[in-house]
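Just need the whole structure built from these sequences, with the hints factored in.
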Amino acid sequence: MRSPMKKLLSALLTVTLLFGCKSEDAAPKEDAPGSHKQELELARSALESGDVRTAISRAFALSEAQPDLHEARVLLANAYILDGKSVEALLEANRVIKADPKLAGAWAAKCAALSAQARHEEGIEACEQTLTLDPKQGAALKNLAGIHGAMKNWKKQGEMLERLKGVQPDDAKVRIAVASNQAAQGDTTAAIKEAKAGLERDPKNVNLLFFIAQASWENDEIDDAIEYSELAVKFAPERTEVLQLFQRAFTVKVAAVLTCAHGPSPWTRDQKKVALASTPIRGVQGVISFQRFYKEFKLERDFKRRLKQAVARCQPAKVQEVPVPGQAPAPPEKPGAAPAAPERPPAAPAQAP
Numbered sequence: 024m025r026s027p028m029k030k031l032l033s034a035l036l037t038v039t040l041l042f043g044c045k046s047e048d049a050a051p052k053e054d055a056p057g058s059h060k061q062e063l064e065l066a067r068s069a070l071e072s073g074d075v076r077t078a079i080s081r082a083f084a085l086s087e088a089q090p091d092l093h094e095a096r097v098l099l100a101n102a103y104i105l106d107g108k109s110v111e112a113l114l115e116a117n118r119v120i121k122a123d124p125k126l127a128g129a130w131a132a133k134c135a136a137l138s139a140q141a142r143h144e145e146g147i148e149a150c151e152q153t154l155t156l157d158p159k160q161g162a163a164l165k166n167l168a169g170i171h172g173a174m175k176n177w178k179k180q181g182e183m184l185e186r187l188k189g190v191q192p193d194d195a196k197v198r199i200a201v202a203s204n205q206a207a208q209g210d211t212t213a214a215i216k217e218a219k220a221g222l223e224r225d226p227k228n229v230n231l232l233f234f235i236a237q238a239s240w241e242n243d244e245i246d247d248a249i250e251y252s253e254l255a256v257k258f259a260p261e262r263t264e265v266l267q268l269f270q271r272a273f274t275v276k277v278a279a280v281l282t283c284a285h286g287p288s289p290w291t292r293d294q295k296k297v298a299l300a301s302t303p304i305r306g307v308q309g310v311i312s313f314q315r316f317y318k319e320f321k322l323e324r325d326f327k328r329r330l331k332q333a334v335a336r337c338q339p340a341k342v343q344e345v346p347v348p349g350q351a352p353a354p355p356e357k358p359g360a361a362p363a364a365p366e367r368p369p370a371a372p373a374q375a376p
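Each residue of the sequence shown is one higher than the last, beginning at 24 in the working numbering.
Hints are computed from structural coordinates only; laboratory data are not their basis. Keep in mind that the hints are not guaranteed to be accurate.
[Claimed, not checked] For lysine-lysine, the following PhoX-like pairs were computed, each having C-alpha atoms within a straight-line distance of at most 20 Å:
id	residue 1	residue 2
1	Lys-188	Lys-219
2	Lys-227	Lys-196
3	Lys-108	Lys-125
4	Lys-188	Lys-159
5	Lys-219	Lys-196
6	Lys-159	Lys-179
Here it is in structure tokens:
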């Protein structure tokens with residue numbers, strides 16, 4: 024079964040392929056006469072507001088009335104991409120390129136259309152041609168990063184995302200993509216640092232908060248996992264995956280406190296109350312909540328590993344006492360028995376598939 028971190032990274036790196044197809048990036052600015060300029064702005068506004076069908080209708084009519092108005096045809100290509108019509112988008116982009124092969128926006132639209140069709144090599148060529156004409160073309164950088172991600176070429180994707188970050192430093196999606204890429208390359212610490220830098224610009228961004236919480240969980244940094252998942256839940260209480268991460272991290276922390284102080288479960292109600300009082304976290308301080316969470320999570324392999332790591336940090340001697348549910352406890356060692364084999368090192372942080 025894939026770990027939550029792997030699922031998260033896979034989803035984020037796939038999204039990178041898709042979030043670049045925007046008309047404001049891919050459409051060149053031209054001087055359109057009178058009413059045509061107004062129609063063009065109406066089509067662009069419709070696309071930016073998510074009314075893709077209206078954008079297609081207006082851009083199509085305008086491109087038919089003004090065949091030489093390349094901006095309208097590029098905008099139409101972008102609208103087709105967002106409507107899932109990459110074949111039509113590619114046709115429109117090629118028409119503009121044939122008329123004006125130096126128009127960066129047309130190449131960006133072609134790049135996006137080929138990306139949507141998973142024609143990776145051709146898509147890379149179109150994106151690179153875009154960047155030759157306009158090195159800071161955001162849509163091309165996004166789609167090129169997405170193609171390299173789809174090909175699992177994390178190093179090349181990272182290079183494109185770093186360039187994109189320089190162009191769009193305030194875009195939280197870009198920060199998440201950069202952080203996800205760093206985690207995919209095995210550097211979870213750098214990924215967390217990158218996401219925290221994004222939080223400085225957007226402190227209430229739930230996706231950034233959740234990313235930091237999940238990466239901290241993978242790094243066995245339980246306190247940070249609690250802190251950032253709790254903040255994310257505050258801003259997005261409907262996100263069940265965030266809430267569950269918070270509950271798991273909280274339960275590991277309290278169970279570790281109890282194990283270090285009193286040995287493995289079962290624990291008395293008074294012992295739980297004392298441990299919960301020393302772990303003040305909003306909303307789940309009650310013994311009943313902790314018991315419910317512990318019962319739900321204690322059999323999970325990942326949860327047991329996190330708990331064992333947490334106990335090892337607070338009282339190493341207690342590590343051997345953490346029970347494995349469903350197994351009989353090990354018999355006591357006889358005097359003079361050979362020492363037990365050393366524990367295996369903890370698993371490496373999860374990487375994107």
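Consistency of the hints with the structure:
With a C-alpha separation of about 14 Å, the suggested pair Lys-188 and Lys-219 falls inside the 20 Å cut-off, and the hint holds. At most 20 Å may separate the alpha-carbon atoms for a hinted pair to count; Lys-227 and Lys-196 meet this at roughly 13 Å. With a CA separation close to 24 Å, the supplied pair Lys-108 and Lys-125 exceeds the 20 Å bound. Taking the CA atoms of Lys-188 and Lys-159, the gap is about 10 Å. The hint holds against a cut of 20 Å.
With a CA separation close to 13 Å, the supplied pair Lys-219 and Lys-196 stays within the 20 Å bound. For the hint linking Lys-159 to Lys-179, the alpha-carbon distance of about 17 Å falls within 20 Å, and the restraint holds.
Comparing the model with each earlier hint shows a violation of hint 3 alone; every other hint is respected.
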